[in-house]
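Residue numbers (the working numbering), protein chains in the order written: chain A, 226 to 643; chain B, 226 to 643.
Keep in mind that the hints were calculated from the coordinates and are not lab data. Take these hints with a grain of salt, some might be off.
One copy or two, it doesn't matter: identical chains are merged, so the pair holds either way.
As the list claims (entries may be wrong) - Using 20 Å as the maximum straight-line C-alpha spacing, the simulated EDC-like pairs for lysine to aspartate or glutamate come out as follows:
(1) 632 x 453
(2) 434 x 533
(3) 632 x 246
(4) 632 x 579
(5) 632 x 575
(6) 287 x 411
(7) 434 x 351
(8) 632 x 603
(9) 632 x 600
(10) 632 x 586
(11) 287 x 351
(12) 241 x 586
(13) 241 x 553
(14) 468 x 573
(15) 632 x 319
Bear in mind the structure is a predicted one, so any value in this text is a computation, not a measurement.
2 protein chains.
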Amino acid sequence: MSEIEETMRAMGLRAKAAAAELAYAPSEAKRAALDAAAAAVWDARGQIIEANARDLAFGRDKGLSAAMMDRLLLDEGRIASIVEGLRAVAAQPDPVGQDIAAWDRPNGLHIRRVRTPLGVVGVIYESRPNVTADAGALCLKAGNAVILRGGSESFHSSAAIHACLRDGLRAAGLPEDAIQLVPTRDRAAVTEMLRMVGVIDVIVPRGGKGLVGLVQAEARVPVFAHLEGICHVYVDVAADPQKARAVVLNAKTRRTGICGAAECLLLHRDIVDGLGAQIIADLVAAGVEVRGGPGLQHLPGVVPADAEDFGREFLDRIIAAEVVADVDAAIAHIRRYGSQHTEAILTEDDATADRFFTRLDSAILIRNASTQFADGGEFGMGAEIGIATGKLHARGPVGAEQLTSFKYLVTGNGTVRP
Amino acid sequence: MSEIEETMRAMGLRAKAAAAELAYAPSEAKRAALDAAAAAVWDARGQIIEANARDLAFGRDKGLSAAMMDRLLLDEGRIASIVEGLRAVAAQPDPVGQDIAAWDRPNGLHIRRVRTPLGVVGVIYESRPNVTADAGALCLKAGNAVILRGGSESFHSSAAIHACLRDGLRAAGLPEDAIQLVPTRDRAAVTEMLRMVGVIDVIVPRGGKGLVGLVQAEARVPVFAHLEGICHVYVDVAADPQKARAVVLNAKTRRTGICGAAECLLLHRDIVDGLGAQIIADLVAAGVEVRGGPGLQHLPGVVPADAEDFGREFLDRIIAAEVVADVDAAIAHIRRYGSQHTEAILTEDDATADRFFTRLDSAILIRNASTQFADGGEFGMGAEIGIATGKLHARGPVGAEQLTSFKYLVTGNGTVRP
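Whole structure, please, built from the sequences with the hints as guidance.
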């Protein structure tokens with residue numbers, strides 16, 4: 226057995242032992258651990274910023290892009306956000322033990338379906354060090370032990386934050402192994418995690434196409450699929466012009482680097498030269514490169530799209546655009562090119578909206594609002610680990626509740642089955 | 226590409242096309258298809274019995290056990306049960322389109338979490354030909370296309386039943402490819418199904434240890450885990466003697482061949498020579514072989530257990546039995562030997578029952594009632610494909626509702642994210 230294999234198996238055993246204890250940990254202890262962790266992060270902000278400086282130096286040597294360096298950076302403001310996030314999860318209701326449903330049977334049996342933890346969660350993420358705190362906190366809230374595997378770029382920052390999470394667990398009398406961080410940059414640790422059937426109950430990958438592809442190809446453990454956010458906005462012939470202009474601009478430009486940012490605009494053919502031209506002019510004025518199909522190339526500022534621009538996650542001030550004959554053509558386009566993440570329709574026509582909602586099967590479908598609302602916080606779920614695009618177990622924003630399972634508790638009175 | 230690969234890929238494409246249509250099929254059409262299928266099965270009972278005779282001849286040549294031959298057998302009575310099952314699923318409410326939750330956000334967004342089909346389900350099962358009807362019906366009710374792969378022993382019987390299901394679909398104007406049956410006995414078809422990522426959304430294995438093990442080892446597609454039912458019954462010191470005697474006897478002997486049958490009896494040490502002796506005498510009188518640990522071997526009729534008898538699914542008139550010090554020792558025993566299917570406790574003490582319910586994590590935990598209630602019908606869910614023992618997505622009885630996913634439908638009024 227290699228050293229990495231040994232390390233990971235030992236972590237797995239510790240995680241399972243911690244999970245068995247966490248499964249019935251009092252809500253108050255979990256809350257106290259997260260509040261104590263928040264305080265510890267704030268107290269240790271000096272050390273965290275120091276650790277982050279080492280990561281930034283490593284990143285510079287590695288030649289990371291400006292965007293990557295920005296994701297990596299921690300300053301006092303960002304550490305304050307981490308603290309706030311921990312306190313917010315601490316304040317959330319505990320999902321474990323909640324009744325999902327309860328009913329009586331004619332024979333007198335009383336049946337409850339009750340939320341339980343999943344067990345051991347593996348989270349594999351990339352450069353943002355704040356995920357260490359977010360993912361650790363959400364898993365703990367849901368009563369799960371977690372094995373975190375951060376990006377190699379954020380190695381020291383994540384370790385410094387993780388130390389604070391352990392301080393919080395210790396202060397609350399919970400097992401410190403409830404939140405473990407893989408102590409090596411070696412990529413073999415990821416491969417090992419993906420194979421830990423019977424130890425890790427589910428893997429949550431959070432990162433780019435490369436990471437997600439690797440996880441889906443190699444995992445033997447179940448995975449919450451998390452594909453790209455190739456979000457579409459369809460402007461129908463019955464769209465309200467003012468709403469449509471505001472929503473498209475926001476969906477593309479509010480933030481371009483998040484998975485809920487719009488990547489493709491579909492215009493009903495009857496509005497191309499009126500509302501469509503205005504929307505495109507708004508985007509161009511906001512500095513967006515509009516890559517249009519043949520039916521849009523006569524409009525000012527539109528550059529010709531090529532085939533690869535459809536179904537592409539730009540995460541940048543670029544949008545693909547295409548003309549469609551009607552809502553059915555928009556639906557067909559989205560089925561072909563989308564990633565079942567989030568799509569929006571602008572229309573005042575209820576039947577058209579209903580068709581869009583019924584015939585598409587993305588995790589999130591939106592009418593007359595921005596795709597940028599695809600976010601656990603905006604849904605009112607508190608924090609999230611990510612947006613799941615698969616159809617099993619978790620779908621859409623993955624918060625504490627989505628990190629739970631359930632069991633049935635049945636009570637009788639000496640009841641036997643005839 | 227081998228012939229089997231080609232066959233399976235073509236079936237997969239047809240299933241996906243059918244699933245896209247089924248996703249928004251009216252409830253009335255699905256109900257009509259199932260009622261028409263029920264009528265078709267009854268009309269074709271002569272042909273089904275003929276087809277079954279060919280399977281029985283094949284089974285005799287293959288030297289199947291009496292129990293296997295009995296599972297395989299279809300007579301008019303059993304066909305009537307199949308018809309009744311189809312009508313019962315037809316009459317169930319349609320889960321697709323149901324609101325699971327709905328709420329408003331302070332910014333005016335209205336969010337609904339709505340049930341959707343999963344897509345394409347693969348069901349791999351063994352000898353019982355009735356699963357063809359049950360699984361086909363439940364998948365259709367939930368708006369899924371299904372690829373059924375029955376046991377080679379029930380090849381002709383399953384094909385005859387499947388023809389009736391297609392008749393039902395055709396009569397209701399639904400795509401006939403909504404329910405497909407793998408048209409070959411070749412085992413390579415199973416291997417192919419397990420690899421159809423992006424085509425089959427989930428595999429439901431229904432069968433013995435060998436099948437389930439194969440599926441779990443080879444599947445690249447997600448699987449609803451379905452381990453053995455190694456069900457435990459713990460009789461506490463605070464058990465009511467009358468309830469305990471009735472429940473243990475029922476849990477073991479009502480039917481011994483189902484996954485909810487009790488396989489291990491745990492007795493609190495303080496009741497061994499009183500209530501415990503009575504319970505064991507009841508079992509022995511009912512023809513059950515009681516294989517006891519050292520603390521029970523002085524009781525009349527008890528034969529010595531060996532180590533392999535614990536954690537074993539007998540599916541027969543045999544039960545393992547052991548003495549434990551208290552509820553915590555019972556919990557530890559069950560954690561070590563159980564399969565997280567169903568366990569029962571007999572006690573009048575609320576704190577003890579609560580400890581058993583909280584600290585064990587089986588799909589179903591039962592107080593003062595028989596483990597034989599581990600069944601979708603008994604839970605009031607209508608029919609079931611099986612009892613899932615995994616913790617992701619489906620757990621416990623898998624009925625139509627457990628064969629669904631969900632999506633979020635968000636409605637705004639030109640709402641943009643600040």
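Hint check:
1. 632 x 453: The answer is between: 17 Å across copies meets 20 Å, while 32 Å in one copy does not.
2. 434 x 533: within (16 Å within a copy, 47 Å between copies)
3. 632 x 246: Within one copy, since 17 Å is at most 20 Å while 33 Å is not.
4. 632 x 579: between (35 Å within a copy, 14 Å between copies)
5. 632 x 575: For residue 632 and residue 575, only the inter-copy Cα distance (19 Å) is at most 20 Å; the intra-copy one is 39 Å.
6. 287 x 411: within (16 Å within a copy, 53 Å between copies)
7. 434 x 351: Within one copy only: 11 Å inside a chain, 39 Å across chains, cut-off 20 Å.
8. 632 x 603: between (29 Å within a copy, 16 Å between copies)
9. 632 x 600: Result: close only across copies, 14 Å inter versus 28 Å intra.
10. 632 x 586: between (28 Å within a copy, 7 Å between copies)
11. 287 x 351: within (15 Å within a copy, 56 Å between copies)
12. 241 x 586: between (36 Å within a copy, 13 Å between copies)
13. 241 x 553: between (49 Å within a copy, 18 Å between copies)
14. 468 x 573: Result: close within a single copy only, 10 Å intra versus 63 Å inter.
15. 632 x 319: within (16 Å within a copy, 23 Å between copies)
Going down the numbered hints, you'll see the structure goes against none, and every one checks out.
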